[in-house]
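Peer 1: Now for the letters of each chain:
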Amino acid sequence: MFKRWHVLLLSVLFITVLAACSGDNDNGNSSNGDSDVVTIKYWQYEFASKVDLMDELIKEFEEANPGIKVEQTTFPYDNYNEQVAAQVPAGKGPDVINLFYGWVPSYVDAGYLQPLPQEDFPHDEIEAEFFPLVQATKMDGEYWTIPTAVRTAALFYNKDLFEEAGLDPNSPPETWEELADYAVKLTKKDGDRLEQSGMAWEPAQQGHHWLRDGLTYQAGGEVLSEDRKTVVWGDSDAGLEAFKYWLSFPTELGTSEVGFYTDDVTAFMTGKAAMNVDGSFRLGTLQRDAENLNYAVAPMPGKDGIQSTNASFWTNGITKDVEGEKLEASIKFLKFLTSQDVMERWLDATGELPAKEEVAMQDKYVNDELYGPFINSLPFANAHFFVDETKERELVIDAANKVLLEGMDVEEAFNELVEKTQALYDEYWGDK
Amino acid sequence: MSQSVEKKKKASFFQKVRTNYRYQQLLFVYICLILPILFYLGIRILPTLFTFNVGFRDWNLLSSGPHPLVGLDNYIALFKDEVFIKSIVNTLIYIVVGVIGQLAFGMIVALLLHRINKFVGFFRVIYFIPYVTSIVAISWVFQWILMKNGIINDILINLGLPPQPFLNSPDQAIYVIIGAMIWQAIGFQMVLFLAGLENIPQMLYEAADIDGATPWQKFWKVTVPLLNPTIVFSAVIGTINFIQVSFTQVINMSMDGSGGPLHSTITVVVYIYQLAFRQFDLGLASAATVILFLFILGLTLFQMKVLTRKFDY
Chain E
1 MFKRWHVLLL
11 SVLFITVLAA
21 CSGDNDNGNS
31 SNGDSDVVTI
41 KYWQYEFASK
51 VDLMDELIKE
61 FEEANPGIKV
71 EQTTFPYDNY
81 NEQVAAQVPA
91 GKGPDVINLF
101 YGWVPSYVDA
111 GYLQPLPQED
121 FPHDEIEAEF
131 FPLVQATKMD
141 GEYWTIPTAV
151 RTAALFYNKD
161 LFEEAGLDPN
171 SPPETWEELA
181 DYAVKLTKKD
191 GDRLEQSGMA
201 WEPAQQGHHW
211 LRDGLTYQAG
221 GEVLSEDRKT
231 VVWGDSDAGL
241 EAFKYWLSFP
251 TELGTSEVGF
261 YTDDVTAFMT
271 GKAAMNVDGS
281 FRLGTLQRDA
291 ENLNYAVAPM
301 PGKDGIQSTN
311 ASFWTNGITK
321 DVEGEKLEAS
331 IKFLKFLTSQ
341 DVMERWLDAT
351 GELPAKEEVA
361 MQDKYVNDEL
371 YGPFINSLPF
381 ANAHFFVDET
391 KERELVIDAA
401 NKVLLEGMDV
411 EEAFNELVEK
421 TQALYDEYWG
431 DK
Chain Y
1 MSQSVEKKKK
11 ASFFQKVRTN
21 YRYQQLLFVY
31 ICLILPILFY
41 LGIRILPTLF
51 TFNVGFRDWN
61 LLSSGPHPLV
71 GLDNYIALFK
81 DEVFIKSIVN
91 TLIYIVVGVI
101 GQLAFGMIVA
111 LLLHRINKFV
121 GFFRVIYFIP
131 YVTSIVAISW
141 VFQWILMKNG
151 IINDILINLG
161 LPPQPFLNSP
171 DQAIYVIIGA
181 MIWQAIGFQM
191 VLFLAGLENI
201 PQMLYEAADI
211 DGATPWQKFW
221 KVTVPLLNPT
231 IVFSAVIGTI
241 NFIQVSFTQV
251 INMSMDGSGG
261 PLHSTITVVV
271 YIYQLAFRQF
281 DLGLASAATV
291 ILFLFILGLT
301 LFQMKVLTRK
311 FDY
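Chains E and Y, in that order, are what the protein sequence lines are. Going by UniProt numbering, the first sequence opens with residue 1, and the numbers climb by one from there. Going by UniProt numbering, the second sequence opens with residue 1, and the numbers climb by one from there.
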């Protein structure tokens with residue numbers, strides 16, 4: 001006789017195996033039998049203040065549009081792309097997705113996004129209302145994504161350390177010369193060893209953006225040609241001039257060091273670095289983790305009257321297979337996300353700046369002590385068109401390291417940087 | 001005719017299962033044993049085989065479209081890629097220096113612990129703690145200790161020595177990371193070697209004493225040959241381990257978080273990760289994985305052949 005518990009155990013095992021094999025629990029397309037309710041899936045990366053705000057916004061959106069439900073899913077920043085990569089080919093991806101603008105070309109390239117429908121998002125309207133930097137995700141004559149908010153970079157400085165060095169904390173540096181001068185005055189050394197850095201300097205963080213979108217333009221140069229196919233960084237002397245100035249901080253001026261107190265943010269937060277180039281998104285971090293830090297923000301120092309800074313943004317797109325009712329719902333949701341009201345609340349909750357000029361340039365924001373400098377930088381902000389953000393960043397880091405660690409000639413390192421960046425663009429456009 | 005015979009056979013098998021308790025037991029045991037095999041097939045073997053397939057294709061991780069066969073293109077691209085070559089060379093350095101260091105220090109600690117009678121448990125715990133501590137936490141502590149303004153450089157300066165860049169130097173960084181990995185693995189190696197030492201009969205040492213062997217001779221002629229199986233096992237496990245865990249440490253200890261400065265600390269595993277999940281090139285990443293697979297296979301066979309020697313009591 002087969003013992004009863006054997007049968008029981010075997011059947012349990014059998015069912016487990018079956019369940020494990022079938023796997024596909026169909027929660028995804030659950031319209032819950034309610035034929036008139038459309039559910040769309042929205043993905044963004046895990047960033048507490050954004051997730052909380054989005055929960056609120058979704059609730060309001062659903063109340064205003066009874067036929068639509070929005071499900072929010074979030075993943076940690078570090079493996080956001082992995083999750084997308086793993087789930088999208090399996091057909092479990094989102095309908096509306098929040099992406100870093102630098103990733104958009106890869107996504108478009110992979111055929112994963114659909115262009116924003118022109119009847120709902122007319123190009124002339126986008127170009128009239130939004131800051132021109134949103135064009136970084138305009139490709140093949142189409143807008144593929146549209147942001148709620150943008151971020152710019154500016155100069156953070158420590159007021160206490162300014163006073164200590166005999167500098168006026170209310171007149172931050174405005175030119176290249178002043179910045180270098182201030183940095184030297186704010187540096188403390190014990191023999192060869194840096195004890196306080198006048199200017200935090202980290203190519204791996206915002207440093208590479210500062211070089212590309214800030215210094216290069218300030219010197220009168222450009223990184224990319226109009227059609228985004230040629231790297232014109234090295235065509236005039238401006239590129240090299242910017243690169244040399246950028247590198248003068250850890251070399252001739254001796255005010256900076258890579259990895260000083262592990263990274264620029266930590267060094268600035270702990271009062272070990274007096275100035276740092278960083279994005280508006282850092283305001284939240286500083287408010288939370290460095291309450292007692294007495295700091296202020298100033299627009300990025302320029303050269304010969306030319307100002308320029310880096311901008312970046314997270315932006316929303318619609319994935320390729322969305323159609324019919326879902327597409328309509330997704331468009332409504334995107335319009336909601338780019339409305340004035342949401343933009344204003346987005347700034348309050350996350351510190352990211354409104355992407356529409358009219359909303360951003362209101363007096364209450366322009367005159368704000370902390371947000372003001374970032375908002376005022378928007379008109380001259382650039383968002384570099386990346387074909388491969390990771391690689392382009394790495395090339396800048398490598399160029400800096402070759403000079404700093406291997407003693408390579410600055411000009412040679414710069415030429416190699418331009419050449420290798422061009423190779424990336426050639427590869428990208430090669431199969432178009 | 002033959003059909004009915006077969007039927008009879010089948011029937012008799014089921015008959016047996018139904019009537020014979022012993023058969024029931026066996027059947028149950030086999031079914032239980034098969035489950036992990038199914039799991040292993042699905043989670044390990046099939047994906048491994050699939051990797052070989054992907055390695056011959058142009059496969060963008062984000063695209064759901066067709067993935068055309070490109071023959072050996074991925075392999076050729078890899079061998080032209082200086083970063084990949086660098087990662088292979090680095091991996092070899094990690095293994096050679098790391099495994100030898102691990103074995104040497106593990107054995108030294110084990111021999112010392114084997115000698116003492118008091119506080120044995122205490123020391124074992126002390127040496128084993130790093131092995132069970134979070135790699136990420138350890139990596140960051142090392143980063144802080146070793147930074148330019150860190151405590152080690154303070155000590156160096158107080159001794160009148162020049163401060164060192166450590167992790168920020170393309171020449172030193174890899175050895176600093178290997179050092180941290182060795183330090184962390186000593187505990188595990190120590191346990192293996194202690195077990196090995198316990199198994200060496202005491203009478204052999206007594207016999208060596210009678211023959212007038214020096215401690216040095218006893219170590220080389222008695223201890224080492226008899227520890228050979230442990231050494232081989234440790235070396236193989238250590239090697240595979242080193243290839244696998246050289247990921248977490250490198251990511252957390254290198255200056256730019258991806259095997260820098262100037263790729264001086266990048267390993268094949270880190271590079272595979274970057275290819276697949278940062279550049280979304282699954283074809284290249286799979287090709288690199290296949291190369292790594294062959295590399296580990298070759299290395300293991302080599303170790304088995306060279307390090308295993310027959311021994312007799």
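Wrong hints could be hidden among the right ones.
[Claimed, not checked] If you anchor each label on the Cβ, the simulated ranges turn out as follows:
hint: 1; chain 1: E; residue 1: D36; chain 2: Y; residue 2: L38; range: 42 to 48 Å
hint: 2; chain 1: Y; residue 1: H67; chain 2: E; residue 2: D190; range: 53 to 59 Å
hint: 3; chain 1: E; residue 1: E178; chain 2: Y; residue 2: N53; range: 16 to 22 Å
hint: 4; chain 1: E; residue 1: D363; chain 2: Y; residue 2: P66; range: 36 to 42 Å
hint: 5; chain 1: Y; residue 1: W140; chain 2: E; residue 2: E419; range: 33 to 39 Å
hint: 6; chain 1: E; residue 1: D78; chain 2: Y; residue 2: V89; range: 54 to 60 Å
hint: 7; chain 1: Y; residue 1: D171; chain 2: E; residue 2: G284; range: 57 to 63 Å
hint: 8; chain 1: E; residue 1: E291; chain 2: Y; residue 2: I126; range: 35 to 41 Å
hint: 9; chain 1: E; residue 1: Q72; chain 2: Y; residue 2: N53; range: 33 to 39 Å
hint: 10; chain 1: Y; residue 1: I108; chain 2: E; residue 2: E178; range: 42 to 48 Å
hint: 11; chain 1: E; residue 1: D190; chain 2: Y; residue 2: K221; range: 51 to 57 Å
hint: 12; chain 1: Y; residue 1: F293; chain 2: E; residue 2: R193; range: 43 to 49 Å
Read the hints as simulated data drawn from the structure, not as lab findings. Treat the numbers as computed from the prediction; the structure is a model and nothing was measured. Where is the CB? At the ideal position from N, CA and C, for every residue including glycine.
Peer 1: For each hint, tell me whether it holds in the structure or not.
Peer 2: Cross-check of the supplied hints:
| no. | hint | result |
| --- | --- | --- |
| 1 | D36(E) - L38(Y): 42 to 48 Å | holds (44 Å) |
| 2 | H67(Y) - D190(E): 53 to 59 Å | holds (58 Å) |
| 3 | E178(E) - N53(Y): 16 to 22 Å | violated (60 Å) |
| 4 | D363(E) - P66(Y): 36 to 42 Å | violated (55 Å) |
| 5 | W140(Y) - E419(E): 33 to 39 Å | holds (36 Å) |
| 6 | D78(E) - V89(Y): 54 to 60 Å | violated (28 Å) |
| 7 | D171(Y) - G284(E): 57 to 63 Å | violated (39 Å) |
| 8 | E291(E) - I126(Y): 35 to 41 Å | holds (39 Å) |
| 9 | Q72(E) - N53(Y): 33 to 39 Å | holds (36 Å) |
| 10 | I108(Y) - E178(E): 42 to 48 Å | violated (59 Å) |
| 11 | D190(E) - K221(Y): 51 to 57 Å | holds (55 Å) |
| 12 | F293(Y) - R193(E): 43 to 49 Å | holds (46 Å) |
Comparing the model with each numbered hint stated earlier shows that hints 3, 4, 6, 7 and 10 do not hold.
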